[in-house]
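The residues making up each chain are set out below.
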Amino acid sequence: MNTGQIISGAGHAGLIFWALFGGAFRDVPPPNEVTEVTAISADDFAALMAPEQSPEAVANVDTPEPPEAGEAPGMTSEADAVPETAQPEVTESSEPDTPPEVTEPDPPAQAEVSEEPPVMQPPQEDTAALVPDRSPDVRPREAPRVAPEPVAQPEPDVQIDDVDQQETAPDESAEPVEEDQEETARQEATTEIVTEADDPADAAPSRSLRPRPRPTRQAEAEPEPETQPQDDPQPAAQEPEQTETATQQSPEVDENAVENALAEALGGSDTQPDSTPSGPPLTTGEKEGLRVAVQQCWNVGSLSSEALATTVVVGVSMSEDGRPITASIKMLGSSGGSNSAAQQAFEAARRAIIRCGADGYKLPPEKYDQWRDIEMTFNPEKMRIK
Amino acid sequence: MRYVLSLLAALFMLAAPALAQDTAESDGPLRIEITEGVIEPLPYAVPSFVADTAAASEWADKISRVVASDLNGTGLFREIPAEAHIARISNFSSPVQFSDWKAINAQALITGAVRTEGSGRIVVSFRLYDVFAGQEMGQGLQLVGTEQGWRRIAHKVADQVYSRLTGEDPYFDSRVVFVSEDGPKDARQKRLAIMDYDGANVTYLTDNSSLVLAPRFSPQGDQVLYTSYESGFPRIYVLNVETVGRRVLESQDGTMSFAPRFAPDGQTVVYSLTRGGNTDLYSMQIGSSQSTRLTNAPSIETAPSFSPDGSRMVFESDRSGTPQLYIMPAGGGEAQRISFGQGRYGTPVWSPRGDLIAFTKQSKGRFHIGVMRTDGSEERLLTASFLDEGPTWAPNGRVIMFSRETQGAQGSTSLYSVDITGRNLKQVPTPSGASDPSWSPLQK
Numbered sequence: 178m179n180t181g182q183i184i185s186g187a188g189h190a191g192l193i194f195w196a197l198f199g200g201a202f203r204d205v206p207p208p209n210e211v212t213e214v215t216a217i218s219a220d221d222f223a224a225l226m227a228p229e230q231s232p233e234a235v236a237n238v239d240t241p242e243p244p245e246a247g248e249a250p251g252m253t254s255e256a257d258a259v260p261e262t263a264q265p266e267v268t269e270s271s272e273p274d275t276p277p278e279v280t281e282p283d284p285p286a287q288a289e290v291s292e293e294p295p296v297m298q299p300p301q302e303d304t305a306a307l308v309p310d311r312s313p314d315v316r317p318r319e320a321p322r323v324a325p326e327p328v329a330q331p332e333p334d335v336q337i338d339d340v341d342q343q344e345t346a347p348d349e350s351a352e353p354v355e356e357d358q359e360e361t362a363r364q365e366a367t368t369e370i371v372t373e374a375d376d377p378a379d380a381a382p383s384r385s386l387r388p389r390p391r392p393t394r395q396a397e398a399e400p401e402p403e404t405q406p407q408d409d410p411q412p413a414a415q416e417p418e419q420t421e422t423a424t425q426q427s428p429e430v431d432e433n434a435v436e437n438a439l440a441e442a443l444g445g446s447d448t449q450p451d452s453t454p455s456g457p458p459l460t461t462g463e464k465e466g467l468r469v470a471v472q473q474c475w476n477v478g479s480l481s482s483e484a485l486a487t488t489v490v491v492g493v494s495m496s497e498d499g500r501p502i503t504a505s506i507k508m509l510g511s512s513g514g515s516n517s518a519a520q521q522a523f524e525a526a527r528r529a530i531i532r533c534g535a536d537g538y539k540l541p542p543e544k545y546d547q548w549r550d551i552e553m554t555f556n557p558e559k560m561r562i563k
Numbered sequence: 106m107r108y109v110l111s112l113l114a115a116l117f118m119l120a121a122p123a124l125a126q127d128t129a130e131s132d133g134p135l136r137i138e139i140t141e142g143v144i145e146p147l148p149y150a151v152p153s154f155v156a157d158t159a160a161a162s163e164w165a166d167k168i169s170r171v172v173a174s175d176l177n178g179t180g181l182f183r184e185i186p187a188e189a190h191i192a193r194i195s196n197f198s199s200p201v202q203f204s205d206w207k208a209i210n211a212q213a214l215i216t217g218a219v220r221t222e223g224s225g226r227i228v229v230s231f232r233l234y235d236v237f238a239g240q241e242m243g244q245g246l247q248l249v250g251t252e253q254g255w256r257r258i259a260h261k262v263a264d265q266v267y268s269r270l271t272g273e274d275p276y277f278d279s280r281v282v283f284v285s286e287d288g289p290k291d292a293r294q295k296r297l298a299i300m301d302y303d304g305a306n307v308t309y310l311t312d313n314s315s316l317v318l319a320p321r322f323s324p325q326g327d328q329v330l331y332t333s334y335e336s337g338f339p340r341i342y343v344l345n346v347e348t349v350g351r352r353v354l355e356s357q358d359g360t361m362s363f364a365p366r367f368a369p370d371g372q373t374v375v376y377s378l379t380r381g382g383n384t385d386l387y388s389m390q391i392g393s394s395q396s397t398r399l400t401n402a403p404s405i406e407t408a409p410s411f412s413p414d415g416s417r418m419v420f421e422s423d424r425s426g427t428p429q430l431y432i433m434p435a436g437g438g439e440a441q442r443i444s445f446g447q448g449r450y451g452t453p454v455w456s457p458r459g460d461l462i463a464f465t466k467q468s469k470g471r472f473h474i475g476v477m478r479t480d481g482s483e484e485r486l487l488t489a490s491f492l493d494e495g496p497t498w499a500p501n502g503r504v505i506m507f508s509r510e511t512q513g514a515q516g517s518t519s520l521y522s523v524d525i526t527g528r529n530l531k532q533v534p535t536p537s538g539a540s541d542p543s544w545s546p547l548q549k
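So the protein sequences, as listed, match chains A and B.
Taking the working numbering, the leading residue of the first sequence gets 178, the next gets one more, and so forth.
Taking the working numbering, the leading residue of the second sequence gets 106, the next gets one more, and so forth.
Rather than coming from a laboratory, the hints here were simulated on the basis of the structure.
Just so you know, not all the hints are guaranteed correct.
[Said to hold, decoys possible] In silico SDA-like cross-links for lysine to any residue, where the CA-CA straight-line distance does not exceed 20 Å:
| id | chain 1 | residue 1 | chain 2 | residue 2 |
| --- | --- | --- | --- | --- |
| 1 | A | K464 | B | P134 |
| 2 | A | K507 | A | N556 |
| 3 | A | K507 | B | E138 |
| 4 | A | K507 | B | E222 |
Using the sequences and the hints, build the whole thing.
What follows is the structure in structure tokens.
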């Protein structure tokens with residue numbers, strides 16, 4: 178048995194001993210309290226009850242106060258004195274511990290009270306003779322609080338505030354203080370989205386700390402030699418070598434990529450065909466704007482039922498000012514109708530493109546490479562006459 | 106960890122196609138799809154045709170006005186008035202200044218020239234231009250006719266323009282046979298009449314001594330079938346349009362024959378025959394007058410109309426309790442009901458295109474002209490009035506003409522036409538009341 182248990186057992190034993198023998202469970206009655214009682218007579222009792230009527234007398238004293246308050250509309254500055262004079266009288270009369278004063282009749286005090294009411298009757302005609310001096314409409318504006326003294330009416334453009342402030346204006350002669358501006362940069366972007374699936378699995382640099390500057394250019398350069406005609410077999414034989422080296426992910430490859438990027442930036446565009454659009458793609462809003470502009474002129478009201486069931490794909494080349502090149506408009510394909518119906522549908526589409534593009538479509542000039550050539554599919558399914 | 110990797114893999118699989126599509130869309134030209142356009146009349150200009158001779162100036166102006174009237178009447182075109190023209194066509198062979206016509210938003214331009222030759226012949230040449238494309242649409246044509254037939258020449262020109270611009274078959278150079286009506290309703294006099302499709306050149310084929318009903322053109326447009334009460338009972342007659350000669354086609358004693366219609370071959374006629382209080386469909390060879398019974402039911406079968414290929418016919422029957430539309434083989438057989446809407450259906454007519462059936466429908470106290478597919482689907486009501494009935498198709502199957510009667514004892518009957526889209530409802534001018542129209546095929 179350890180020491181803790183011994184101490185605990187001793188403590189508990191002592192507590193039990195004190196409970197049993199210390200009187201903790203005894204019901205000991207409290208000692209009787211003795212109070213001295215004094216008998217008084219009926220006269221004394223009446224004398225004691227008499228001071229309770231004093232508040233009624235005080236109430237009579239307060240009666241002049243309401244007329245004083247009634248003068249407030251006429252003179253705003255005097256209204257503040259009314260509560261100050263009334264409050265002390267109320268507090269003095271509210272003291273119940275002055276039976277002598279109550280029991281003693283105080284005619285003078287009552288006489289003073291009776292004299293004041295005539296003075297405080299502004300509605301009387303005699304005193305109203307002074308009223309014509311001021312307009313009955315003159316009265317203070319409504320305000321949440323009463324100012325201690327009359328204040329002048331503020332300027333119309335001045336806003337009400339707790340503190341008076343003078344209007345300030347920027348000093349044109351002073352030199353502008355430039356705020357500190359943190360350096361920012363736009364989020365990185367590219368001309369197309371390249372997913373991980375497009376990159377080789379081992380394309381990530383393993384040793385070089387600097388990322389590859391133009392990995393997509395390397396990836397796009399691969400299939401081009403395969404699609405090129407056989408007229409120039411020499412470059413086609415060299416491209417696979419570049420592909421192999423590009424997938425080795427060595428630091429030398431990164432250096433080549435940097436060199437290629439520099440060469441392109443300096444005007445070397447041999448590796449990029451002219452037909453591939455470059456620059457940022459058109460946003461959805463820009464495409465929608467073009468679509469809405471064309472469809473405003475796409476009049477299918479005079480088309481035959483068969484032509485209304487024919488979808489045509491129309492190709493058009495655009496000039497840089499957004500105007501369609503009329504001679505370039507051609508039908509690339511059709512579906513759903515005969516050749517004659519397709520021809521009718523194409524002519525309606527051509528009219529739409531030319532008419533609404535007469536003043537140039539609103540397309541971003543900086544993205545001209547993206548909308549130099551446009552393929553428009555005219556699908557009249559929603560306009561079809563069943 | 107495995108869960109996170111699986112989640113990333115799933116997200117990648119979902120996003121990969123979209124990203125690949127974006128990548129694909131970035132290649133090649135910009136592609137957009139136009140799915141909604143506008144439906145409005147095509148603005149065009151037709152300056153007065155150039156008269157090569159002084160004698161031709163009268164015809165030049167008249168012909169150009171009829172061409173414009175035909176095109177405007179379709180509701181598909183809107184003529185730009187001559188007052189708004191910037192340029193003048195003074196030489197038919199001179200090049201067209203398209204910029205002048207673009208400025209007034211003329212999307213099509215019709216130019217023409219007229220000259221007269223000896224023996225009352227008129228030669229009309231015309232060209233059609235796509236103004237905004239800056240090129241001629243098709244080849245220019247030259248038509249030759251007589252001075253008396255100048256309106257037909259104009260209709261031919263308009264037909265060519267209409268077909269080139271819309272792709273539809275033409276229908277302006279056609280005629281309509283109808284029942285001309287005079288007098289109040291309780292004492293109305295009726296006679297057969299024929300006119301151009303636009304109400305011009307009205308000619309009466311019969312007198313008003315007997316009641317005539319339901320004339321029907323032959324497929325060649327040279328004959329007309331109709332029902333006459335000349336004998337006191339309804340009888341079917343066939344009338345030659347050119348000679349106005351006629352003969353009775355069906356005259357069995359104790360019977361009533363009515364509602365005739367030609368088969369597409371022009372040699373067979375189907376009609377209704379009432380015998381013993383029962384009405385059935387019969388067919389007859391015109392040459393041999395031999396009839397064949399097509400239906401045998403206690404109900405009323407009437408108003409037959411052949412399909413364009415002549416293999417089937419649509420007719421009206423009340424075998425289900427109310428008049429409805431049925432289709433059966435041309436030689437008779439099992440009929441299939443195609444109308445199931447509320448109301449009564451009658452006077453069905455098969456479209457020349459073969460895709461639609463026009464009909465009269467009575468529903469909720471009003472009459473309608475409507476169309477439906479040959480299987481009864483896609484029913485569309487085109488008109489609504491106190492009394493619309495008797496539809497007939499234009500030769501191209503794009504326009505329907507019918508008769509409309511106004512309410513009251515003094516109500517009149519007139520002809521109306523409407524596009525199958527339900528637009529361009531308009532009255533066909535006639536010198537008097539008119540009903541029961543039948544549109545002829547395109548004239549040769």
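ask   = Do the alpha carbons of A:K464 and B:P134 lie within 20 Å of each other, as the hint requires?
value = Distance of about 13 Å is within 20 Å: holds.
request  = Measure nothing beyond the straight line between the CA atoms of A:K507 and B:E222; if it is 20 Å or shorter, mark the hint as holding.
outcome  = Not satisfied, since the Cα-Cα distance of roughly 43 Å exceeds 20 Å.
inquiry  = With the threshold set at 20 Å, check whether the alpha-carbon distance from A:K507 to A:N556 stays at or below it.
reply    = The given pair, whose Cα atoms are some 16 Å apart, holds under the 20 Å limit.
inquiry  = Next pair to validate is A:K507 with B:E138; report whether the Cα-Cα distance is within 20 Å.
reply    = 16 Å, holds
This entry does not satisfy hint 4, going by the numbered hints stated previously; all others are met.
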